[in-house]
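2 protein chains.
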Amino acid sequence: MSSQQPRYVKMHDNDNVVIIANNGGLPAGTVLDNGIELREAIPQGHKVALTDLAAGDIVRRYNVVIGYAKTDLPKGSWLNEHRLDMPAPPELDNLPIATEKTTLDPLEGYTFEGFRNPDGSVGTRNILAISTSVQCVSGVVAHAVERIRAELLPKYPNVDNVISLEHIYGCGVAIQAPDAVIPIRTLRNIARNPNFGGRTLVVSLGCEKLQADVFFPDRFIPIKNGGFQRQDENIALVTLQDEENIGFEGMIQSIMRAAEEHLIVLNKRVRTTCPISDLVIGVQCGGSDAFSGVSANPVVGYATDLFVRAGASVMFSEVTEVRDGIAQLTARAASPEVAQQLIDQMRWYDQYLGRGSADRSANTSPGNKRGGLSNIVEKAMGSIVKSGSTPIQGVVPPGERCTTRGLNFSATPASDFVCGTLQLAAGMTMHVFTTGRGTPYSLKEAPVVKVATRSDLARRWHDLMDINAGRVVDGDATIEEMGWEMFRYMIDVASGRKQTCAESLKIYNSLALFNPAPIT
Amino acid sequence: MSSQQPRYVKMHDNDNVVIIANNGGLPAGTVLDNGIELREAIPQGHKVALTDLAAGDIVRRYNVVIGYAKTDLPKGSWLNEHRLDMPAPPELDNLPIATEKTTLDPLEGYTFEGFRNPDGSVGTRNILAISTSVQCVSGVVAHAVERIRAELLPKYPNVDNVISLEHIYGCGVAIQAPDAVIPIRTLRNIARNPNFGGRTLVVSLGCEKLQADVFFPDRFIPIKNGGFQRQDENIALVTLQDEENIGFEGMIQSIMRAAEEHLIVLNKRVRTTCPISDLVIGVQCGGSDAFSGVSANPVVGYATDLFVRAGASVMFSEVTEVRDGIAQLTARAASPEVAQQLIDQMRWYDQYLGRGSADRSANTSPGNKRGGLSNIVEKAMGSIVKSGSTPIQGVVPPGERCTTRGLNFSATPASDFVCGTLQLAAGMTMHVFTTGRGTPYSLKEAPVVKVATRSDLARRWHDLMDINAGRVVDGDATIEEMGWEMFRYMIDVASGRKQTCAESLKIYNSLALFNPAPIT
Ligand SMILES: [Ca+2]
Ligand SMILES: [Ca+2]
Ligand SMILES: [Ca+2]
Ligand SMILES: [Ca+2]
Ligand SMILES: [Ca+2]
Numbered sequence: 001m002s003s004q005q006p007r008y009v010k011m012h013d014n015d016n017v018v019i020i021a022n023n024g025g026l027p028a029g030t031v032l033d034n035g036i037e038l039r040e041a042i043p044q045g046h047k048v049a050l051t052d053l054a055a056g057d058i059v060r061r062y063n064v065v066i067g068y069a070k071t072d073l074p075k076g077s078w079l080n081e082h083r084l085d086m087p088a089p090p091e092l093d094n095l096p097i098a099t100e101k102t103t104l105d106p107l108e109g110y111t112f113e114g115f116r117n118p119d120g121s122v123g124t125r126n127i128l129a130i131s132t133s134v135q136c137v138s139g140v141v142a143h144a145v146e147r148i149r150a151e152l153l154p155k156y157p158n159v160d161n162v163i164s165l166e167h168i169y170g171c172g173v174a175i176q177a178p179d180a181v182i183p184i185r186t187l188r189n190i191a192r193n194p195n196f197g198g199r200t201l202v203v204s205l206g207c208e209k210l211q212a213d214v215f216f217p218d219r220f221i222p223i224k225n226g227g228f229q230r231q232d233e234n235i236a237l238v239t240l241q242d243e244e245n246i247g248f249e250g251m252i253q254s255i256m257r258a259a260e261e262h263l264i265v266l267n268k269r270v271r272t273t274c275p276i277s278d279l280v281i282g283v284q285c286g287g288s289d290a291f292s293g294v295s296a297n298p299v300v301g302y303a304t305d306l307f308v309r310a311g312a313s314v315m316f317s318e319v320t321e322v323r324d325g326i327a328q329l330t331a332r333a334a335s336p337e338v339a340q341q342l343i344d345q346m347r348w349y350d351q352y353l354g355r356g357s358a359d360r361s362a363n364t365s366p367g368n369k370r371g372g373l374s375n376i377v378e379k380a381m382g383s384i385v386k387s388g389s390t391p392i393q394g395v396v397p398p399g400e401r402c403t404t405r406g407l408n409f410s411a412t413p414a415s416d417f418v419c420g421t422l423q424l425a426a427g428m429t430m431h432v433f434t435t436g437r438g439t440p441y442s443l444k445e446a447p448v449v450k451v452a453t454r455s456d457l458a459r460r461w462h463d464l465m466d467i468n469a470g471r472v473v474d475g476d477a478t479i480e481e482m483g484w485e486m487f488r489y490m491i492d493v494a495s496g497r498k499q500t501c502a503e504s505l506k507i508y509n510s511l512a513l514f515n516p517a518p519i520t
Numbered sequence: 001m002s003s004q005q006p007r008y009v010k011m012h013d014n015d016n017v018v019i020i021a022n023n024g025g026l027p028a029g030t031v032l033d034n035g036i037e038l039r040e041a042i043p044q045g046h047k048v049a050l051t052d053l054a055a056g057d058i059v060r061r062y063n064v065v066i067g068y069a070k071t072d073l074p075k076g077s078w079l080n081e082h083r084l085d086m087p088a089p090p091e092l093d094n095l096p097i098a099t100e101k102t103t104l105d106p107l108e109g110y111t112f113e114g115f116r117n118p119d120g121s122v123g124t125r126n127i128l129a130i131s132t133s134v135q136c137v138s139g140v141v142a143h144a145v146e147r148i149r150a151e152l153l154p155k156y157p158n159v160d161n162v163i164s165l166e167h168i169y170g171c172g173v174a175i176q177a178p179d180a181v182i183p184i185r186t187l188r189n190i191a192r193n194p195n196f197g198g199r200t201l202v203v204s205l206g207c208e209k210l211q212a213d214v215f216f217p218d219r220f221i222p223i224k225n226g227g228f229q230r231q232d233e234n235i236a237l238v239t240l241q242d243e244e245n246i247g248f249e250g251m252i253q254s255i256m257r258a259a260e261e262h263l264i265v266l267n268k269r270v271r272t273t274c275p276i277s278d279l280v281i282g283v284q285c286g287g288s289d290a291f292s293g294v295s296a297n298p299v300v301g302y303a304t305d306l307f308v309r310a311g312a313s314v315m316f317s318e319v320t321e322v323r324d325g326i327a328q329l330t331a332r333a334a335s336p337e338v339a340q341q342l343i344d345q346m347r348w349y350d351q352y353l354g355r356g357s358a359d360r361s362a363n364t365s366p367g368n369k370r371g372g373l374s375n376i377v378e379k380a381m382g383s384i385v386k387s388g389s390t391p392i393q394g395v396v397p398p399g400e401r402c403t404t405r406g407l408n409f410s411a412t413p414a415s416d417f418v419c420g421t422l423q424l425a426a427g428m429t430m431h432v433f434t435t436g437r438g439t440p441y442s443l444k445e446a447p448v449v450k451v452a453t454r455s456d457l458a459r460r461w462h463d464l465m466d467i468n469a470g471r472v473v474d475g476d477a478t479i480e481e482m483g484w485e486m487f488r489y490m491i492d493v494a495s496g497r498k499q500t501c502a503e504s505l506k507i508y509n510s511l512a513l514f515n516p517a518p519i520t
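Those protein sequence lines, which keep their order, are chains F and S. Residue 180 in full-length UniProt numbering sits at position 180 of the first sequence, and the numbers go up by one each step. Residue 439 in full-length UniProt numbering sits at position 439 of the second sequence, and the numbers go up by one each step.
Bear in mind the hints are in silico, worked out from the structure with no lab data behind them. Fair warning: there could be bad hints in the mix.
[As the list claims (entries may be wrong)] In silico negatives: residues of chain F with every beta carbon more than 10 Å from chain S: (1) 113; (2) 209; (3) 417; (4) 507.
[As the list claims (entries may be wrong)] To spell it out: a stretch of chain F is covered by chain S in this simulated footprint if at least three of its residues, at any positions, have a beta carbon under 8 Å from a beta carbon of chain S; those stretches are: (5) 132–139; (6) 167–174; (7) 247–260; (8) 405–416; (9) 459–468.
[As the list claims (entries may be wrong)] Quick look at which bits of chain F chain S covers, simulated, 3 or more residues with Cβ under 8 Å: (10) 269–279; (11) 349–363.
Backbone N, C-alpha and C define an ideal beta-carbon position, used for all residues, glycine too.
Here chain F stands alone, though its shape is the one from the complex (with noise of 0.2 Å):
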């Protein structure tokens, strides 16, 4: 298709306006096939009004009030953020309550080579993972992992990585607020990520206020030493101020000791043949444009359809960007109780919200809005579509294990890093991100496979992008194509047959807790 042609596209039949797809966008007096003459230049991406709107008229796009004009806009205006009054929040009651089930047929014949651990859950890659309970230790430990990964790792070929699991929580947090559980529990089952085969490696530095016993209470995780008695081996800890750790070297020795221990369990872990039902699939989009609704998330939701048909557990997240989609989520519940759940962690996250004087509206970013995303209604519309259309069976709360088959709801902000790091700790084995301005995020927990919404970003970011949805915008494949595309790719990829780009290139960001609790 030329790109001289003027391509525009329209979400549903209801709506008032359409987006702009060629690259660069269009000049003022392009006419449309619909007639539609452009009164200024639109860039891609952005909206464009299909008839004259009065001040206060409503916008629609996803067959939803994204807004209300703030002046009178002829038809073939543009619409972009300074020309939208947002819509009120939705309230949380009276929403409708599993009133919506959509019953697609189960997806049979597929499996994955996974590693199954000891207690059922399977991994898609066999890696050493180094947690701490605090902060102070983490200059040590990255020591530590140098050294192991270039003494130890050699030795024990069918370890895929050695990581440290750093993150910045320490003392500081107010250890017996409400809130503080969120970042506890979440360290907590990242160390318990099926990645890690059940064999995580605790640093602690003594004094700290997350003892083994908090970090791991009733003896969650049997811990080796330290804090309570040693049950079996699966979990070593090695404490920094212990009296025979002399000097750094001789903290660097503990460590590389437990270490091997663990290398040479770990080593012994071999792929087998596991239903897609051991998968553990995070979903999230970060750095939008009004491709994300239209290309990269409807491929995702129907890769997300396709794994939920063939058992697997898929989380979909970002609680700012679906709150405005709260209707929508209640009627897809499965149960009424899994939408009071849904309730409760949106009315908490008001809440958490509130306290900071802050509301949903904080969600949009410049680059959402450069990129055509009005506001947060809009970019919540495009969002929830990652979800597929399954009913949602689950709900995660932020720092929760995933136990529920199915679609789940795990709530988490939509913070890329933070929401990343909180689906680990849901037990995330494989983790799909869309991307329309482009972000390099990637993880080194889980692969992350990375989803372009323009082939133009596919083609500037030609190595970091695994699979380019933009051939949607193009008219060069359909949603369904796209989506068995990236269902057979997610496939090879958990099975180690194929590496992601960022897992080629080592491309790591660390985990960000999200912590609600203050800090003293």
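Model the placement of chain S with the ligands on the given structure of chain F, informed by the hints.
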């Protein structure tokens, strides 16, 4: 002095407790030379009652009420956190205001060799710093730093290091929330730290909320490109989403090109003789025990007085650790205005903790208590000692720069890495850190001088502790002698004649931003 001979420390004549100084503590039945017989074994650093206490009686240390006896406690009893009730926090009105003016003679004849910057500030190190406006880019920046260190740094021998100012700030922070100003100005002011020679490199993504003109408003630091007009070349901005960056290697090359421009300039920096008044020192304590307030902190307090007398800026910090001593601080304020600023910062912090259902008592850690500190009141009295005895000339709100010479209170959380991060933003070029339990914490942005409270720790962590203040407890040195020793050592470190232990070992903790604003 033999380890058999019972030793103890009394802080003030009016105290009705002493702490046991012997390594390993003392057994029941030991008779001190003041005639007190221990009724039970008492660990090192823990308190013993000098008088018979009835339930409710005052327990006094540092001539301050640190608590009330929970039950009847005969003399010779162990007074630990389970046997004391904590006093109520002092009110913030009716405080003594600027009533106490300690005048110390100026100290002349001392200089150091520092790197003077165009803006008049002076660094103790010559570091190329790479900051980021959003966490998304940090995985790429980590690669760039490795490449710059390996390929460029060897060509510029006058540059000490290349570092990334990594952090987890991102679009998630509700940028319009009132408290979001704190992490933003922290990042801005860290980029201006004198150790970076006014030549910080900023890597941005492009679509983030913290755009260049928000990060550096009013061309606060002139930005080379992107966002607004180039003024000069002090700060270069590399934007990963810029069209010219093709793929990962394109991003790396852009960062390396900008880095080399800066390295050329930084390599020309030379040390010149500077007055001590060009030093900006931050002091804090972490992993404290009962000896922190007996040995290391008084030694630091003595050195603080020496530096203040010589004209330097010295900051003490840690709001929750001085909150119980507010009356001492307002009395020491150099003016009613400074006293009011102290009160304002304490009030803001009280409210901040209250919003999260926490209070100052959340500060003390299990290690503090095992080390003999029963509660935050006792810890506070030992913490304030670091500030020496001179009037408080200035108050630095969190994230702001210190602009006043002499003793300053920089209002930060007590959390070690959060405090260190904020002191760097305040312009700190040398950090002093006392520890009793022991922490390997350090920074890469400025040298960190570590001071052990006990000889046992200094021996065990022989290559991690710069100064052993335990010699004061052992009776081998006076506070005055050790204060002078520290003063001279710090001048050597500031001048680059000596490296700290942590610099030699390259132990670096990451920055930890103080973000009281919510995350979307
Ligand atoms: Ca998103
Ligand atoms: Ca985002
Ligand atoms: Ca996101
Ligand atoms: Ca402290
Ligand atoms: Ca501290």
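If you check each hint against the structure, which ones fail?
-> Hints 2, 3, 4, 10 contradicted; others consistent.
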